[in-house]
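In case you want the letters, here they are:
2 protein chains.
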Amino acid sequence: MKFGGTSVADADKIRNVARRIAGARESGDNVVAVVSARGKTTDQLVAAAREISERPDPREMDMLLSTGERISCALMAMALHDLGHGAESFTGSQAGILTDTAHTRAKILDIKADRLRAALDAGSIVLVAGFQGVSTDRNVTTLGRGGSDTTAVALAAALDADVCEIYTDVTGVFTADPRIEPGARKLPLLTHEEMLEMAASGSRVLALRSVEFARNHGVELHVRSSFREEEGTIITQETTAMEKAIVSGIAHRSDEAKITVSGVRDQPGVAAEIMTALADSGINVDTIIQNVSADGVTDLSMTVPLDDLQGALGAIDQLAGQLDYQGVSADDQIGKVTLVGAGMKSNPGIAAKMFRTLAAEGINIQMIDTSTIRITVVIDRREIERAVRALHDAFDLASEAARRADV
Amino acid sequence: MKFGGTSVADADKIRNVARRIAGARESGDNVVAVVSARGKTTDQLVAAAREISERPDPREMDMLLSTGERISCALMAMALHDLGHGAESFTGSQAGILTDTAHTRAKILDIKADRLRAALDAGSIVLVAGFQGVSTDRNVTTLGRGGSDTTAVALAAALDADVCEIYTDVTGVFTADPRIEPGARKLPLLTHEEMLEMAASGSRVLALRSVEFARNHGVELHVRSSFREEEGTIITQETTAMEKAIVSGIAHRSDEAKITVSGVRDQPGVAAEIMTALADSGINVDTIIQNVSADGVTDLSMTVPLDDLQGALGAIDQLAGQLDYQGVSADDQIGKVTLVGAGMKSNPGIAAKMFRTLAAEGINIQMIDTSTIRITVVIDRREIERAVRALHDAFDLASEAARRADV
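Protein chains in written order, with my numbering: chain A, 295 to 701; chain B, 295 to 701.
Treat the hints as calculated values from the structure; they're not laboratory data.
Glycine is no exception: its CB is placed at the ideal position from the N, C-alpha and C atoms.
It cannot be assumed that every hint is accurate.
As the list claims (entries may be wrong) - Incomplete in silico selection of chain B near chain A, CB under 8 Å: (1) Glu345; (2) Pro350; (3) Glu354; (4) Met372; (5) Leu613; (6) Gln616.
Stated by the list, open to error - Calculated cross-link-like contacts (lysine to any residue; reagent style SDA-like; alpha-carbon spacing at most 25 Å): (7) A:Lys307 - B:Glu532; (8) A:Lys307 - B:Ala341; (9) A:Lys334 - B:Ser347; (10) B:Lys307 - A:Lys647; (11) B:Lys334 - A:Gly333; (12) B:Lys334 - A:Lys647; (13) A:Lys406 - B:Lys334; (14) B:Lys307 - A:Lys307; (15) A:Lys647 - A:Ser693; (16) B:Lys334 - A:Gln338; (17) A:Lys480 - A:Asp337; (18) A:Lys334 - B:Lys406; (19) A:Lys307 - B:Asp306; (20) B:Lys334 - A:Gly390; (21) A:Lys334 - B:Arg409; (22) A:Lys406 - B:Arg409; (23) B:Lys406 - A:Gly390; (24) B:Lys307 - A:Gly438.
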């Protein structure tokens, strides 16, 4: 069971979560709960560091930030004791979460869970500080964004848990963002691959890396509400028995920008040079499209995080010397809308229907990018909401029938 | 170098301490600095625990409270980096501070300082989170009151440091509390035994247990100001060469109460029974006096912490059955004034002079308790200040000459 920062923000919320954990234990399950830092704690610690130094040392940032989850864990253990349960808190290090030495963004290498198993065997509820571990050179490390989700999934894998429950402030994964599409429906079941595409395409329910970890280790996830008892969304491995939705859901994002390098000579290695330059600047390119070549020159378009736009343009300017191109244009007003469905690969015509729907709305498509279970279009940011609603309607996602593969 | 919570309360104070540490390093010394939790941090963590539970689990309290010093340490390391110094923070566990399993009041069993030595050899300034360690069963422990002083002294012993500097908000140990006696003089030198008696008798400059540890391991202490450069008070082993003050200083305390059990049968084991009953109730008896016996009965008087008075009276009532005594009286208005001096044992007449001085002031002595280097009197609490001033004057403590043994 993993609980985020908003679920443990104050004493009442901690007691509420403790009752939730106690309930699971009383139902006969062995429980390991991963807890994040309380509400604003991490922000306050970061602010304290900034007060001291402009560029705080990463090793020391990890020493500092790792305290937030330890505080939540200790308080949660106290609350469980008051409910009459044995409970022990463990730091990432005590939990045997071994990471590499990349401070503030460490990767989990191994989990030596013997200590946690011993505590579970003794009948205790085990509480683990999320988002942290201990490096191969025995320093405290943190796992970076989505770290606590990753901690939970990794422990579930190491302990061979029946399920990894991610408790959050929404009740599950929806067919679309309910703030945009009121008819959005909570999805009872998704495959790891579908959730990966949803997360990569803007769904904020789960951190992408935690879904990757779950898929790679076959961990079943259950995304559900911290505050309500209802079932959430199960995310599991695809099985032949499973009926596959043609379209499971719609994700969108509006935090990217588009760069087009026009008039690039159409020859091997050109794209590689540009990508290398961007990678060297630490810029993570998402969609990349190369238009068909005409008279030996072509256009290369890509999307990058909005915050990295200036950096990306600078990196490309650096290439002006060794690489000849006609011009570079940027658009910071783009948005992305993505259709995801495991059944897509076996059902042609989905793309056509998507494009027809957007055309009927008078929404112009600037870029298209597809995978076997995903179709992404880049459009004007101001048209995202209209596009999401139109597609949700066109693919009848509000009705359970839409999940039937034989539509 | 050990710095208390007030010395690191905010960013400016942390930078100030960092400059102090950097200065020591630049003068060519290897530096290990022990840092306490910032100002109110520990109080806030305790309050958070109380919000959750009336009686928080000790193991979890230690997990919770140990974060305060870790935060200070990490921030101090950042401040030192900005001054161009290599610095690494270590938790008590990482510093190899091995303790017993008595949570919230753990005792240090051993220090495996190989990691700290390696960091020092690499030229780093070492920062250690005070007040904490790791128990023999691998749980985080805290050392209780005065814990950070003890951490500093223990590390100084383990690393065979030249000196253990305790930085505080006073400039050293004084002949008396300057708030009471304006003429009080800072003592340049004290023996461990003198400091032990001063600490036990009410001087708050150093935690008693840290002085005991320093004496037992021959660690030289230097108590000095965090905010001023001047030399403080050196506390070291007694040597024959050292000139011994007849009277080094005056300590006082007003946080105790007196209990008298009257008409106790004067036979072996009676005092033992009463002390055992009090010990079983976790009450720490300080002074114990048994008056001369008359007609086979005697009076037994003792002082206990004011907070424990009711508990002590209750414990003694429990004995009413098996132990016959005429009555029990309590006085919660007492105070103690203590003269300390390593030269006392070789200079008779100090007690007489002390009593004459108090008599001349019309101050009545209720109890007397002495050691070879200490004389303590119990008087009315309201007369403490007058007694301290009169004795400071009578023994001429304001003048350096008073330290000469051949007075």
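Just pull the numbers of the violated hints for me, sorted ascending.
5, 6, 7, 10, 12, 13, 14, 17, 18, 19, 20, 21 and 24
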